[in-house]
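Going line by line, the protein sequences match chains S and V. When we follow the working numbering, the leftmost residue of the first sequence carries the number 1, and every step to the right adds one. When we follow the working numbering, the leftmost residue of the second sequence carries the number 183, and every step to the right adds one.
In case anyone wonders, no lab produced these hints; they're calculated from the structure. Bear in mind that the values here come from a model prediction, so they are computed numbers and not experimental data. Quick reminder that beta carbons are idealized off the backbone N, C-alpha and C, glycines included. Watch out, some of these pointers could steer you wrong.
Using 20 Å as the maximum straight-line C-alpha spacing, the simulated EDC-like pairs for lysine to aspartate or glutamate come out as follows [unchecked claim]: (1) Lys29/S - Glu346/V; (2) Lys59/S - Glu128/S; (3) Lys129/S - Asp53/S; (4) Lys241/V - Glu306/V; (5) Lys29/S - Glu184/V; (6) Lys311/V - Glu263/V; (7) Lys211/V - Glu55/S; (8) Lys29/S - Asp341/V; (9) Lys211/V - Glu187/V; (10) Lys211/V - Glu5/S; (11) Lys211/V - Glu164/S; (12) Lys29/S - Glu253/V; (13) Lys211/V - Glu184/V; (14) Lys59/S - Glu71/S; (15) Lys311/V - Asp235/V; (16) Lys211/V - Asp53/S; (17) Lys211/V - Asp235/V; (18) Lys29/S - Glu5/S; (19) Lys29/S - Glu2/S; (20) Lys311/V - Asp247/V.
Chain S side only, calculated, beta carbon under 8 Å to chain V, not exhaustive [unchecked claim]: (21) Phe4; (22) Glu32; (23) Phe48; (24) Met56; (25) Ile63; (26) His87; (27) Val93; (28) Leu134; (29) Pro138; (30) Thr141; (31) Val156; (32) Arg160; (33) Phe168; (34) Trp172; (35) Gly173.
2 protein chains.
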Amino acid sequence: MELFEALAQRYSYRGGYRRQPASRTDLRKILEAGIRAPSGCNAQTTTFVAVDDPEMIAKIAVIVDRPTVREAAALIVCVMETRAVYHDMSFGVEDCAVAAENVWLALTALGYASVWLDGALRLEGRAEKIGALLGVPPGSTARILMPIGVPAEPGVPRDRLPFEQRAFFNHWGSAAGGSGKD
Amino acid sequence: MELFEALAQRYSYRGGYRRQPASRTDLRKILEAGIRAPSGCNAQTTTFVAVDDPEMIAKIAVIVDRPTVREAAALIVCVMETRAVYHDMSFGVEDCAVAAENVWLALTALGYASVWLDGALRLEGRAEKIGALLGVPPGSTARILMPIGVPAEPGVPRDRLPFEQRAFFNHWGSAAGGSGKD
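Isolated chain S, as found in the complex:
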């Protein structure tokens, strides 16, 4: 799939999935997209656990009880590490987010749909429970959960605010200020 098409077609899917597996070939391609994501100081702080064992998916669906998780062909858990890599700064949150976006674009291009589950993992100890199930070591956190499957009823990308409210040229509030070249 062409890049700009993938950027445009990626969307949050919260419905059920068809009973159609995600092949290890596809999962590897998706994980490799995540691995290629940039990270602060190339510290590569994000690690991925792909879950395609139906029993493990069922266990995680008890913790995060949603159709997309329950019916997923696979789950990608993006595991975050927040050690300082530049002065006293960690870029672990950013690294993990960017890796998830790469994963999302890759699975979109391969015909799957997903949703980024993150806030829900930070409530009711869900991240810790998933971490314990998957053997995530101390100091790392199961930060983002992305179900993968072929959507039962494909959705559409949500609207965005108009360009003029999200982007400016040369100064905040200036739609066409400065020295535009065409």
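Put chain V on the given structure of chain S with help from the hints.
Below, chain V without anything else, positioned relative to chain S:
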């Protein structure tokens, strides 16, 4: 450019740029890629300021004194807002990071190179100085600076740790555990 090719070709460029402008058509396409990026609860907390006025670029290059900034055809400043959107959580950091990755992939596909400047902005009040120059309103922060230009001497993507150290199946440390389907 094909998605997986763009993911593979994106890299951090820290050198100088050719004297070749970035057209407003290209900049709009790059900004639209950033706007399409996902955000927690679709709160769209990232705003972009594209700088292609040579005088403004020169002023920013005084604050962030690097060849990629000084010689850039344009700069994209990703401005972050960190208001709570889900329970007491903000996803502003993640939103801004993901938007920057979309920007980076788009500019790669259009033949430009860039680098993600972030940590440096958090030192010596640089983010505040850039924010003041661009008129960024209180409560928002110039978080990520991305120069754009045609590289004088193209570089290559940096290596990644082997797949087996970054990704597991079904359990941490397990390269091929569980129920792989091919």
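Quick rundown of the hints versus the structure:
no. : hint                : verdict
1   : Lys29/S - Glu346/V  : 13 Å, holds
2   : Lys59/S - Glu128/S  : 14 Å, holds
3   : Lys129/S - Asp53/S  : 17 Å, holds
4   : Lys241/V - Glu306/V : 16 Å, holds
5   : Lys29/S - Glu184/V  : 14 Å, holds
6   : Lys311/V - Glu263/V : 17 Å, holds
7   : Lys211/V - Glu55/S  : 44 Å, violated
8   : Lys29/S - Asp341/V  : 17 Å, holds
9   : Lys211/V - Glu187/V : 18 Å, holds
10  : Lys211/V - Glu5/S   : 12 Å, holds
11  : Lys211/V - Glu164/S : 13 Å, holds
12  : Lys29/S - Glu253/V  : 36 Å, violated
13  : Lys211/V - Glu184/V : 16 Å, holds
14  : Lys59/S - Glu71/S   : 12 Å, holds
15  : Lys311/V - Asp235/V : 17 Å, holds
16  : Lys211/V - Asp53/S  : 40 Å, violated
17  : Lys211/V - Asp235/V : 18 Å, holds
18  : Lys29/S - Glu5/S    : 18 Å, holds
19  : Lys29/S - Glu2/S    : 16 Å, holds
20  : Lys311/V - Asp247/V : 13 Å, holds
21  : Phe4                : 7 Å, holds
22  : Glu32               : 7 Å, holds
23  : Phe48               : 4 Å, holds
24  : Met56               : 5 Å, holds
25  : Ile63               : 15 Å, violated
26  : His87               : 7 Å, holds
27  : Val93               : 5 Å, holds
28  : Leu134              : 6 Å, holds
29  : Pro138              : 11 Å, violated
30  : Thr141              : 12 Å, violated
31  : Val156              : 13 Å, violated
32  : Arg160              : 5 Å, holds
33  : Phe168              : 5 Å, holds
34  : Trp172              : 4 Å, holds
35  : Gly173              : 7 Å, holds
Against the hints set out earlier in the document, violations occur for numbers 7, 12, 16, 25, 29, 30, 31.
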